[in-house]
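Residue strings, one per chain:
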Amino acid sequence: MNRQELNNFIEKEKEKLAEKGSKAQIRVCCGAGCLSSGAEELMNSLKEEIKAGNIDAEIIPTGCMGPCNQGPLVKFDPGNTIYQKLETGDVAPLLNSHLLEKTPVTEKLLFADSRENPSLNADEDPYFKKQLRIALKDCGHLDPEKIEDYLLLNGYQALDKALFAMAPEDVISEIKQSRLRGRGGAGYPTGLKWESVYRYVNDQKYVICNGDEGDPGAFMDRSLLEGNPHRILEGMALAAYAIGASKGFAYIRGEYPLAIKRFETAIKQARKLGLLGKNILGSEFHFDVEVRIGAGAFVCGEETALIASIEGKKGNPRPRPPYPAEAGLWGKPTLINNVETYAAIAPIINNGGEWYSEIGTAKSAGTKVFALAGKINNAGLIEVPMGTTLREVVYDIGGGIQGGGKFKAAQTGGPSGGCIPEEHLDVKMDYESLVNLGSIMGSGGLIVMDESSDMVDVARYFMEFCMDESCGKCVPCRVGTKMMHDLLQKICQDNATRIDLERLEELAEYVKETSLCGLGSSAPNPLLSTLRHFREEYENRVRETSPKHNVVD
Amino acid sequence: MNIIEININGNAIKADAGQTILEVCRQNDIEILTMCHMDGISDVGACRLCLVQIEGSNKLMPACTTKVMPNMAITTTNERIKKYQKITTELLHAERNHTCAVCVANGHCELQDMTAKLEITHIRYPHLFPDCDMDTSHPWYIMDHNRCIMCTRCVRVCKEVEGAHNWDVMGRGHEVRIISDYHTPWGESETCTSCGKCLHACPVGAIWPKAISQGQLVKNPGMINDLVEKRKMNL
Amino acid sequence: MNKKKIATVWLGGCSGCHMSLLDIDERILDVAALADIVKSPVVDGKEMPEVDVAIVEGAITSDEHYEEILHIRKQAKILIALGDCAIHNNVTGLRNFFKLQEVFDTSYKESPSNDADGVMPDDPLLLKLNEKVIPLSEVVDVDFFINGCPPDADYIFYVIFEYLNERIPQPGGHKKIQYG
Amino acid sequence: MMNAAFLKMINVIVEEFSHSYLVPSFLTLFMKSSVAGDWVTQHAKDPRVKLVAAKMKKENYRPDALIEILHTAQNAFGHLPLPILHFIGKGLKLPGSRVYSTVTFYHFFSLKSKGEHTCLVCTGTACYVKGAQAILNELEDKLGLKIGEVTKDNKLGVQAARCIGACGLAPAVVLDDEVHGKVLPADVLAMIHEKTNAHEQAGTE
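Protein chains in written order, with this note's numbering: chain E, 1 to 553; chain L, 1 to 235; chain Y, 1 to 180; chain W, 1 to 205.
Just so you know, these hints were derived from the structure itself, not from any lab. It is possible that some hints are incorrect.
As the list claims (entries may be wrong) - Examples of chain L residues lying across from chain Y (beta carbon under 10 Å, computed):
1. H93
2. P126
3. N146
Stated by the list, open to error - Straight-line alpha carbon distances no greater than 30 Å define the calculated DSBU-like cross-link-like pairs of lysine-lysine that follow:
4. K512/E to K117/L
5. K182/W to K47/E
6. K159/L to K332/E
7. K59/L to K363/E
Cβ coordinates follow ideal geometry from the N, Cα and C atoms, glycine included.
Take these sequences, add in the hints, and give me the full structure.
Here is the structure:
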C-alpha cells in the first residue's frame with residue numbers, strides 16, 4: 001500500500017466507526033494480571049450475556065489498564081467507567097444496571113473498596129489523575145491485535161510525517177530536542193545515541209528493540225508489548241529511518257509468550273498494509289522486523305550480550321569499546337533501545353520535541369512508566385512525569401501501604417538498583433536524584449516494602465539473583481557475587497563477624513569497579529544502598545571478631 | 001602505520017594507532033599483569049588483572065582489549081589497581097580447590113607466580129570448595145576442573161589455532177565448567193585431535209599429561225604464538 | 001632485655017612444618033639466646049602459657065582445635081601461621097569437598113586393611129572432626145604467614161629472628177614467597 | 001574404507017594397550033564412535049524430529065539460528081534430549097561444545113524432562129516480598145521437591161522463575177500454562193493435587 005491507499009483505508013475505517021455511532025463499548029482488560037484473575041471467562045460470559053439479552057454493545061479485549069491488583073477490570077465507554085474485581089456472576093446484573101437502567105453499580109466501581117466516593121469517570125480518580133500517560137496512552141483502550149484500532153488513534157502518522165516531511169537528520173534533531181533519555185535504565189540521551197549510529201557509514205545497519213525485561217519486579221515492557229505493539233513497531237521504524245537501517249530485531253523474553261504472539265501479529269498486519277517491508281508507504285525506505293525470543297538470561301539485557309544472543313550465541317558480554325553504535329550485530333552499526341524508549345518516539349514526532357522536553361525536570365524530560373508492586377494497595381502499572389515524588393507515587397497513586405503498615409523502603413532499579421528509605425520519600429524521581437540516593441531509575445520496577453521486610457535479606461535476595469544470572473566470564477562478577485552472597489547468607493544466619501562485613505564492603509567496591517559489564521558493576525548496588533541507609537541492621541547482626549591477645553600492648 | 005603519541009605513567013610514548021594498550025606496554029617494557037591473555041589468540045578481557053586507569057574515564061579499562069587513542073594518558077599501576085589485582089588473585093584461589101603442594105604445576109604455575117608477585121601470603125576469603133570432577137578418560141591427558149581458573153585459553157587455542165573447537169564453556173555464573181563436545185568425556189570426544197595445545201595454553205595445572213607427577217609439569221605457552229606466526233608466513 | 005617466650009603448636013597438619021623448623025639447625029642457638037621455647041610438640045605437652053610468639057602449624061579440623069586456637073590467640077602477642085595447612089588448608093583441606101562420612105568410610109571401611117572388617121576407631125581421646133577444615137585466619141587474626149609446604153627453614157628463622165629483635169619481618173623482603 | 005581384517009587388527013591393538021597411555025593417537029581416533037547418527041535414523045519418522053528438521057531447513061541451516069531451533073526443539077520435546085542436540089549440531093555444522101554450551105547457558109532450555117505437569121513458582125522481587133519462599137518451602141516439605149526437581153514418576157516438576165511479570169498478583173505460580181495469582185501455599189498444593197489426581201484415577205497407581 002502506498003500513502004494514498006493507506007489514507008483511503010483509514011477513511012473507510014473511520015466511516016465504519018461513525019456507523020457504529022454511540023454503541024456502547026465494553027473494554028475488557030486482558031493484561032497478564034487480569035488474565036490470571038479470570039478475565040477470559042469474564043469476557044466469554046459478557047459475550048454470552050450480550051448475545052442472550054440482545055444488547056447493543058461491542059466487546060473489545062485490551063492491553064493492561066493499570067491497576068492490576070483490582071483485576072479483572074472492565075471499562076464501559078462512553079463514560080470511561082471502570083468496574084473492578086468482577087466475577088462471571090456479576091456480569092448479568094452489571095450489564096442490566098449500567099447499560100439498560102443507566103445506573104452505575106457503585107460497589108463494583110474501581111477502588112470502591114478503598115475510597116469513600118469512587119469516581120464514575122476513572123480519569124477523575126486520584127490513581128489516574130496524578131498520572132500522565134504518554135507511552136501508555138492507548139494501552140488499555142485499543143485492541144492490541146487490531147491495526148485498525150491503532151490507525152484510528154493517529155497510528156503510524158508519525159512515520160508518515162517522518163517519511164514525507166522530514167529528513168533523517170530532522171528526526172534525530174527532534175529526538176535530541178525532546179531530551180528523551182534511554183528508558184532501559186542507564187539514561188543515555190536517545191538523540192545522541194541515534195546520531196552516533198547515524199554517523200557511522202555502512203550499507204547495513206540494524207535497529208534492535210530490547211524487550212528482555214529481566215528485572216524481577218518489572219513488567220512495563222511486557223505491558224507495552226502486549227497492550228500496544230504497533231506503537232513500539234512504529235518507534236522502531238522511525239529509528240530505522242533516522243539512522244539508515246533496513247532491518248530490525250525485537251528481542252523479547254521467552255517468558256512473555258503473549259507479548260511475542262501479539263508483536264508477531266502486529267508485524268504481520270503492518271507488512272500487509274505496507275508499513276513494513278520494501279518501499280514503505282511508497283517511499284524509498286525499506287524496513288522489516290523479526291522477533292527473537294530470549295531464552296532466560298538476565299544478562300542478555302546488556303547490549304553486547306543481547307547482540308551475541310541474537311547471533312545465536314551464548315549471552316556473554318564483551319568489553320566496550322567498540323560500542324554497538326560502531327560495531328554491533330554481525331559487526332555492523334547497531335542501535336539498541338528499550339521498549340519504553342520506542343514507545344515515546346511516535347508522540348515526540350507527532351507533537352514535536354519541544355512539547356516532550358517541557359514535561360518532567362530540568363535534566364530528565366518526559367514521563368516514566370513504573371511497575372508498582374510489593375506491599376502496596378494499588379499495585380499496577382503507572383506513568384508519571386519525571387520529578388514526581390516518591391510520596392505521591394506511594395500514597396496518592398499507590399494508595400498507601402497494604403494492611404495499613406508503615407512504609408520502610410522502596411526498591412527501584414531491581415537487582416542493579418537500591419532502596420530508598422522513608423526519610424527520602426519526598427525525593428523527586430528522576431535519573432540524577434535516584435543516583436544520588438545510591439539507587440537508579442532502572443527500567444522502572446518499584447517495589448514497596450514495609451516494616452516487616454528484612455533489609456539484609458533483601459540485599460541477599462538481589463545478590464542471589466545476580467549470582468545466578470552472572471554469565472561467568474569475568475572474575476569479579478563470577479566469584480565476587482558468589483562470595484558476597486555467601487557472606488550475606490552468613491550474616492542472615494547470624495554467623496558473621498565484623499571482619500566479614502569489612503570483606504563484604506571491600507568486595508562490593510571491587511566488583512562495582514572491575515566487572516566487565518553492567519550486570520557486574522551494578523550487582524553490588526542493592527547491598528551498598530541498604531548498607532548506606534540501613535547500616536544498623538547489618539551491625540546488629542555481626543559479632544565482634546575473636547578476642548585478641550589479652551595483654552594490651 | 002599511523003603513529004600516535006600517548007602518555008603512559010607520565011612518559012610520552014609513540015604507538016601505532018591500531019595497537020592495544022597491552023601491546024604498547026609490552027613493547028616499552030612496562031609491566032602489565034595478565035592471566036586470560038595469551039599471545040597468538042584473541043583477547044576476551046575476562047580476568048580483569050590488566051585493568052589500567054585512563055585519564056578522563058572513571059572506569060578502569062582492560063589493557064588487553066582497549067586500543068590506544070591519540071593523547072591517551074594511561075596509568076598502569078597505582079594503589080587502587082594493585083588492591084584490585086590482589087583481590088582478583090585471591091578470588092581465583094578461593095574459587096576452586098587449589099592445593100599447590102600436590103599440584104603438577106607447582107613451581108611452573110602462572111597463578112602461583114601472580115600470587116607471589118602480588119605478595120599475597122594468605123587468602124582472606126573463605127574457600128568455596130565446589131564439587132569438581134576430574135576427567136581422566138583421555139588416553140594421554142587429564143583435565144582437572146578443581147584447578148581450572150576459567151581463563152578459557154584452552155577454549156580459544158582449540159578453536160582458533162587447532163580449529164577443532166573441542167572445548168567450550170558450559171553453564172553460567174560460578175557454575176561454569178569447561179566441557180569437551182556435548183559434555184562427553186574427553187576421551188570419547190569426536191572433535192579432539194589430541195594435539196596437546198590446550199595443555200601448553202593452560203596457565204595452571206588443570207590440563208596435564210598422565211605420565212607426570214607433582215611439580216613436573218613444564219609448559220611452553222610461547223609455542224602457540226610461534227605456531228600462529230609461522231602459519232602467517234605460510235611456510 | 002628480658003628473655004622472650006616462644007611456643008610452637010601442632011594442629012591439623014603432618015608435622016612437616018615442625019621438621020622444617022628443626023632444619024634451622026645450629027641457628028636454634030641464636031634463638032635460644034633471645035628466647036625460651038616454653039611449649040612445643042617436640043618438647044612436651046604443657047598447657048599453653050602466655051608467650052610472645054606462638055607458631056602454629058596445621059589447620060583447624062575439630063572443635064578442640066577451634067578452642068585451642070582461640071586460647072592461643074589470647075595467650076600470644078604474636079601469632080604466626082606456619083605452613084600452607086595453617087594458611088589455606090592445603091592437604092588437610094583436601095577432604096573439604098567430600099562429606100566427612102564418605103572420607104571416614106573410604107579410609108576405614110572400603111580400603112583394604114589388616115584388621116577384621118573395617119572398624120571405625122572410636123577412642124574417646126581421638127579428635128571429633130568437623131565437617132569442614134578451616135584455616136587459622138578464618139577464626140583469629142594472624143600476624144604473620146609463613147607459606148610453604150613445608151616452609152623453608154631459612155625463612156622460618158628469618159621471621160622468628162626478626163620478631164625476637166622486635167622488628168617486623170617483610171613477606172617478600174627476605175625471599176620470594178613460596179607455595180607448596 | 002577399512003576392511004574387516006584391518007579393523008580386527010586395530011581392535012586387538014586397542015585391547016592390548018587400552019589401559020596404557022601408549023595407545024597411538026590414530027588408534028584412539030578410531031576408538032571414538034559416532035553417537036549422533038543412529039538415534040535420528042531410528043526416529044526419522046517421529047513428527048517431532050521432522051519438525052526440528054523442517055525448522056532447520058526453514059532457517060537455511062544458518063548457525064545464528066541456533067537459539068530459534070533450540071526453542072522449536074524444546075517446544076516439541078518438552079526438553080532437549082542429547083541426541084537431538086547432536087542432530088542440530090550436525091545440521092548447523094556447529095561444534096558440539098558450542099551447542100551444549102549455549103543450551104546450558106540459557107535457563108529456559110532444559111536437558112532433563114521437566115515433568116508431565118509443571119509448577120513454576122515466581123521468585124521475582126514482588127513475589128519474594130509477599131511470600132514465594134513459603135510456597136517453595138511447602139512444596140519441599142509436603143512433596144519433597146526442590147527447585148528443578150521432578151517426582152520419581154515424572155508427574156510433577158517444580159521450577160522457579162525470576163519474575164513472570166505478574167507482580168501485581170504476587171505471589172504467583174504458573175501451573176502448566178495457567179497463571180494463578182495471590183496464592184497461599186495450601187492453595188498451590190490443592191491445585192497440584194487436583195492436576196495429578198486426574199492421572200491417578202486414570203489408573204497408573
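Status of each hint after checking the structure:
1. H93: holds, 7 Å
2. P126: holds, 6 Å
3. N146: With a closest approach of 8 Å, the N146/L hint holds.
4. K512/E to K117/L: holds, 25 Å
5. K182/W to K47/E: With a Cα-Cα distance of about 27 Å, the restraint between K182/W and K47/E holds, given a limit of 30 Å.
6. K159/L to K332/E: holds, 24 Å
7. K59/L to K363/E: OK: K59/L and K363/E at ~23 Å, within 30 Å.
In terms of the numbered hints stated before, the structure departs from none.
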